[in-house]
Amino acid sequence: MPTPEEVHASLPIIDMADEMFWREPALTAKPVLESGARVARVPGFDSVMLVRYDDCYGALLRPDDLGNIGSRYFEHGQLVPGSNGRAATS
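Heads up: the sequence shown begins at 369 in the working numbering, then just goes up one per residue.
Please keep in mind that the hints were generated in silico from the structure rather than gathered at the bench. No experiment lies behind these values; they were computed from the predicted model shown. Built from N, CA and C at the ideal position, the CB exists for glycine as well. Hints may contain errors.
With beta-carbon atoms standing in for the labels, derived distance ranges [what the hints assert, rightly or not]:
{"id": "1", "residue 1": "Val375", "residue 2": "Gly404", "range": "24 to 30 Å"}
{"id": "2", "residue 1": "Arg391", "residue 2": "Met369", "range": "37 to 43 Å"}
{"id": "3", "residue 1": "Met384", "residue 2": "Leu428", "range": "16 to 22 Å"}
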């Protein structure tokens, strides 16, 4: 079975550690969006990020789908314990 790194190796990168991400997020995302990508790899988070509004909105409505892309769910900067990529449910 391939590792997440192998699966995500071909994805475009959005580096949240880069100061430009925080200064000009639209400029950082522009090449990713123009490439047609729906997700980008986020180094340091060992995860992926949805980059299109419709995908983000859909994931909020169907959080169980997040686990299918190898993402992790964060609330207030903290990984939700035991989420394994899914939002915690009450």
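Checked hints:
One distance hint, 24 to 30 Å for the beta-carbon pair Val375 and Gly404, is violated here, with the actual separation near 18 Å. For the hinted restraint 37 to 43 Å between Arg391 and Met369, the CB-CB distance of approximately 39 Å keeps it satisfied. Distance hint check: the CB atoms of Met384 and Leu428 are about 20 Å apart, consistent with the given range 16 to 22 Å.
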